[in-house]
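There are 2 protein chains.
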Amino acid sequence: MATPHDLDATDPLNGFRDRFVIDDDLVAYLDGNSLGRLPKATQERLAAFVREEWGGRLIRGWTESWVDLPVTVGDELGAALLGAAAGQTVIADSTSVNLYKLLHAAAGVRPGRDEIVIDATNFPTDRYLVESVARARGMTVRWVTPDLVDNVTVEVLRPALGERTAVVLLSHVDYRSGTLLDLASLTAEVHAAGGVVIWDLCHSAGVVEIELDALEVDFAVGCTYKYVNAGPGAPAFAYVAERHLAAAEQPIAGWWSAADLFAMSDTYESSPTIRRLLSGTPPVAGILAVQQGVRLIAEAGVEQIRAKSEALTAYAIELLDEAGLEIVTPREPALRGSHVTVRHPDARRLAEEMVERGVVPDFREPDLIRLGLSPLTTSFAEAAAGIAVLVGLAE
Amino acid sequence: MATPHDLDATDPLNGFRDRFVIDDDLVAYLDGNSLGRLPKATQERLAAFVREEWGGRLIRGWTESWVDLPVTVGDELGAALLGAAAGQTVIADSTSVNLYKLLHAAAGVRPGRDEIVIDATNFPTDRYLVESVARARGMTVRWVTPDLVDNVTVEVLRPALGERTAVVLLSHVDYRSGTLLDLASLTAEVHAAGGVVIWDLCHSAGVVEIELDALEVDFAVGCTYKYVNAGPGAPAFAYVAERHLAAAEQPIAGWWSAADLFAMSDTYESSPTIRRLLSGTPPVAGILAVQQGVRLIAEAGVEQIRAKSEALTAYAIELLDEAGLEIVTPREPALRGSHVTVRHPDARRLAEEMVERGVVPDFREPDLIRLGLSPLTTSFAEAAAGIAVLVGLAE
Numbered sequence: 001m002a003t004p005h006d007l008d009a010t011d012p013l014n015g016f017r018d019r020f021v022i023d024d025d026l027v028a029y030l031d032g033n034s035l036g037r038l039p040k041a042t043q044e045r046l047a048a049f050v051r052e053e054w055g056g057r058l059i060r061g062w063t064e065s066w067v068d069l070p071v072t073v074g075d076e077l078g079a080a081l082l083g084a085a086a087g088q089t090v091i092a093d094s095t096s097v098n099l100y101k102l103l104h105a106a107a108g109v110r111p112g113r114d115e116i117v118i119d120a121t122n123f124p125t126d127r128y129l130v131e132s133v134a135r136a137r138g139m140t141v142r143w144v145t146p147d148l149v150d151n152v153t154v155e156v157l158r159p160a161l162g163e164r165t166a167v168v169l170l171s172h173v174d175y176r177s178g179t180l181l182d183l184a185s186l187t188a189e190v191h192a193a194g195g196v197v198i199w200d201l202c203h204s205a206g207v208v209e210i211e212l213d214a215l216e217v218d219f220a221v222g223c224t225y226k227y228v229n230a231g232p233g234a235p236a237f238a239y240v241a242e243r244h245l246a247a248a249e250q251p252i253a254g255w256w257s258a259a260d261l262f263a264m265s266d267t268y269e270s271s272p273t274i275r276r277l278l279s280g281t282p283p284v285a286g287i288l289a290v291q292q293g294v295r296l297i298a299e300a301g302v303e304q305i306r307a308k309s310e311a312l313t314a315y316a317i318e319l320l321d322e323a324g325l326e327i328v329t330p331r332e333p334a335l336r337g338s339h340v341t342v343r344h345p346d347a348r349r350l351a352e353e354m355v356e357r358g359v360v361p362d363f364r365e366p367d368l369i370r371l372g373l374s375p376l377t378t379s380f381a382e383a384a385a386g387i388a389v390l391v392g393l394a395e
Numbered sequence: 001m002a003t004p005h006d007l008d009a010t011d012p013l014n015g016f017r018d019r020f021v022i023d024d025d026l027v028a029y030l031d032g033n034s035l036g037r038l039p040k041a042t043q044e045r046l047a048a049f050v051r052e053e054w055g056g057r058l059i060r061g062w063t064e065s066w067v068d069l070p071v072t073v074g075d076e077l078g079a080a081l082l083g084a085a086a087g088q089t090v091i092a093d094s095t096s097v098n099l100y101k102l103l104h105a106a107a108g109v110r111p112g113r114d115e116i117v118i119d120a121t122n123f124p125t126d127r128y129l130v131e132s133v134a135r136a137r138g139m140t141v142r143w144v145t146p147d148l149v150d151n152v153t154v155e156v157l158r159p160a161l162g163e164r165t166a167v168v169l170l171s172h173v174d175y176r177s178g179t180l181l182d183l184a185s186l187t188a189e190v191h192a193a194g195g196v197v198i199w200d201l202c203h204s205a206g207v208v209e210i211e212l213d214a215l216e217v218d219f220a221v222g223c224t225y226k227y228v229n230a231g232p233g234a235p236a237f238a239y240v241a242e243r244h245l246a247a248a249e250q251p252i253a254g255w256w257s258a259a260d261l262f263a264m265s266d267t268y269e270s271s272p273t274i275r276r277l278l279s280g281t282p283p284v285a286g287i288l289a290v291q292q293g294v295r296l297i298a299e300a301g302v303e304q305i306r307a308k309s310e311a312l313t314a315y316a317i318e319l320l321d322e323a324g325l326e327i328v329t330p331r332e333p334a335l336r337g338s339h340v341t342v343r344h345p346d347a348r349r350l351a352e353e354m355v356e357r358g359v360v361p362d363f364r365e366p367d368l369i370r371l372g373l374s375p376l377t378t379s380f381a382e383a384a385a386g387i388a389v390l391v392g393l394a395e
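Sequence order for the protein chains is A and B.
The first sequence begins at 1 in the working numbering and counts up one residue at a time.
The second sequence begins at 1 in the working numbering and counts up one residue at a time.
The shape of chain A in the complex, shown without the other chains (with noise of 0.2 Å):
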């Protein structure tokens, strides 16, 4: 078996790393899949920002650059990291404001049908956001029950899916074991059958290729906390393929999302664009953290990136094997994200003693602990030294 040093040395990105802020203070930070580490650019374009922008240009700096920035900041990020062409991407509000627009946008786009489906094993705001939508509208939410690890495939969600369905919302790497779902066949499936997809791209967006145009995705919203590294709280992206645009209304209609931001007119009029989208007045400044989070992985290049991150989660199911652990995370590659979960009946307290010996994983109720694999920063031996607390202390 290879050193971790000579992964570490033989590995095409290795020198992205050091374009972090890397705290000596950690052996191992293994929850870059929850909040990812701080870009030097980002630390310096937001100080930038701070005293010349807002501090300089003031109100100016609206019409100057700043007015623009939700849509020319979600091209970038839908080019890198999406596979969307221009005019269909923003980069607004938090993802589950973002979720709740597309929810009644592609409910919209589908008029006359009634069920909502989704699966028991999504994240809570999905499942939470599809029963108050569906609740408001006066759909039926349609429940599929998949196992946590295999997931939601075409054979699992056939049969819950018929002439009543409007809208599928899938999450692509489901967030606990990290299972990566077929987006292309799951996509098909629910177009055989009329209805239109969402996808939350919250555990793949800049670590998984992702091709929505190509694969005719309908929808699809993601955060930029994770491996986008924007920073706590960063705003989310909300995608709108062009052909559903005209008909995708949201019910936040603010001034942001009119025809005329600035003509406060009597009456309401959305944009035609996918400023349609917005709301109220974006963070510029989380805004700017994205655009510095996407540049980094449209340089390394999400093929490189999916490359590493297979690497990675290879050797770490390699380690936590040969300790004997318990894995729900999928061993095909193919199938998994960028994260490896550990089930351990002390999963709770596992994870607090590695965070006391400087490792830091992800708890999750009730018994997994997710070792997220960023591979913009995460090294091998740092991986390595990670995995060697946890099966120290799980022995």
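I should point out that these hints are in silico values taken from the structure, not numbers from a laboratory.
Bear in mind the structure is a predicted one, so any value in this text is a computation, not a measurement.
In this text, a Cβ means the ideal position worked out from N, Cα and C, and glycines have one as well.
Watch out, some of these pointers could steer you wrong.
As the list claims (entries may be wrong) - Label pairs and their calculated CB-CB ranges:
1. A:Trp143 x B:Pro272: 23 to 33 Å
2. A:Pro272 x B:Glu131: 49 to 59 Å
3. A:Ala214 x B:Glu249: 37 to 47 Å
4. B:Val141 x A:Arg349: 52 to 62 Å
5. B:Glu131 x A:Glu163: 27 to 37 Å
As the list claims (entries may be wrong) - Taking lysine to aspartate or glutamate and the DMTMM-like style, the derived pairs with C-alpha atoms no more than 20 Å apart in a straight line are:
6. B:Lys40 x B:Asp23
7. A:Lys40 x A:Glu64
8. A:Lys40 x A:Asp23
9. B:Lys40 x B:Glu64
10. B:Lys40 x B:Asp24
11. A:Lys40 x A:Glu299
12. B:Lys40 x A:Glu52
13. A:Lys40 x A:Asp25
14. A:Lys40 x B:Glu52
15. A:Lys40 x B:Glu44
16. B:Lys40 x B:Glu52
17. B:Lys40 x A:Glu44
Starting from the known structure of chain A, arrange chain B on it as the hints suggest.
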């Protein structure tokens, strides 16, 4: 008439100007009512946050300090600016998103009533959202059409109220004329009809004395990038009176509004506290900037700020009167906020030429120039210099 320098010399808040970044390339910044200046303390706090908290603590920052920020900073803002006891205010999302949530929550606490009342002079987002929420809930919008300057008085509002009144949405200060509505009598009038009121405090928070608890206001919302000086796109605040909390349900049910954030439970139960107003992951840096802005206001005191605001606006009106310009802002100090608005047929051109000469006002369609006078950062000398440029151009 006292010289502006005399007025500055005796201004008890004069020293606060030095606590902000003042860009010497401007003759006068008269747009603090659109985007407040940058507090030096905020510049330092944001840099420290990025470097030490995001970069240094990473995910640990959430449980160590960030998770409660929406409520703790909400409490600080409520106490210093709104006359609100703890537990009723959160910092989150944009004004538009919060207003959307409050409209649904407010309609929900008055079941059986089916009208939302709003005035035609209100800010676009407010009007658009009322129409959207009324449509979604099968309610009717009842329009009040006041004069721009006299605006909504009890006499204007009363005929629109009745047994069908569920919610009334009013803006405390008119964004165009600067007219300050009588929050006390209007709130009492809505209550007499059995309805609840939402106050939009965007143009008054931090610059007008507000007593939400004492006046039994039901709901309130406002931005923080104007007189709170929290930066472009800073998160907004939302207030729900304690007596309405249990019934105030909002539809953007995310994991942050759930009773237990990290339980990730199968069924959604909303938090019994003001956290039920949250949705997704809140923007940490933005909330910290709000906190710095609030602390400057708390240090100065809203009573002192309001006194200077009245003096500044009176002084501006005196100068504009001397020049024979038409003013649409009320001349009685108790009836206006902190901006003074000039009506001129060439308003757009004048505003553009002012900017070319280093004076930044706000233009509002079709013929209005707003002069924002932000008491913590606008000196009398600055107001005089800016108005002199306007007067010279208008001659």
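Hinted pair Lys40 of chain B and Asp23 of chain B, Cα distance within 20 Å: Holds: Lys40 of chain B and Asp23 of chain B sit about 12 Å apart, inside 20 Å.
Supplied distance hint 27 to 37 Å, evaluated on CB atoms of Glu131 of chain B and Glu163 of chain A: 33 Å, holds
Restraint check for Lys40 of chain B with Glu44 of chain A, where alpha carbons must lie at most 20 Å apart: 17 Å, holds
Satisfaction of hint between Glu44 of chain B and Lys40 of chain A, Cα-Cα up to 20 Å: 17 Å, holds
Satisfaction of hint between Glu299 of chain A and Lys40 of chain A, Cα-Cα up to 20 Å: Since the Cα atoms of Lys40 of chain A and Glu299 of chain A sit roughly 15 Å apart, the hinted pair holds (cutoff 20 Å).
20 Å Cα cutoff - pair Lys40 of chain B, Glu52 of chain B: 18 Å, holds
Given hint Glu64 of chain A paired with Lys40 of chain A - CA-CA distance at most 20 Å: 25 Å, violated
Consistency of beta-carbon spacing, Pro272 of chain B to Trp143 of chain A, with hint 23 to 33 Å: At 27 Å between Cβs, range holds.
Agreement of Lys40 of chain A and Glu52 of chain B with the hint, judged by alpha carbon distance not exceeding 20 Å: 13 Å, holds
20 Å limit on alpha-carbon distance, applied to hinted pair Lys40 of chain A and Asp25 of chain A: 18 Å, holds
Lys40 of chain B paired with Glu52 of chain A [C-alpha distance capped at 20 Å]: 13 Å, holds
C-beta pair Ala214 of chain A, Glu249 of chain B: status relative to the range 37 to 47 Å that was hinted: Holds, at about 41 Å.
Of the numbered hints listed earlier, those contradicted by the structure are 2, 7, 9.
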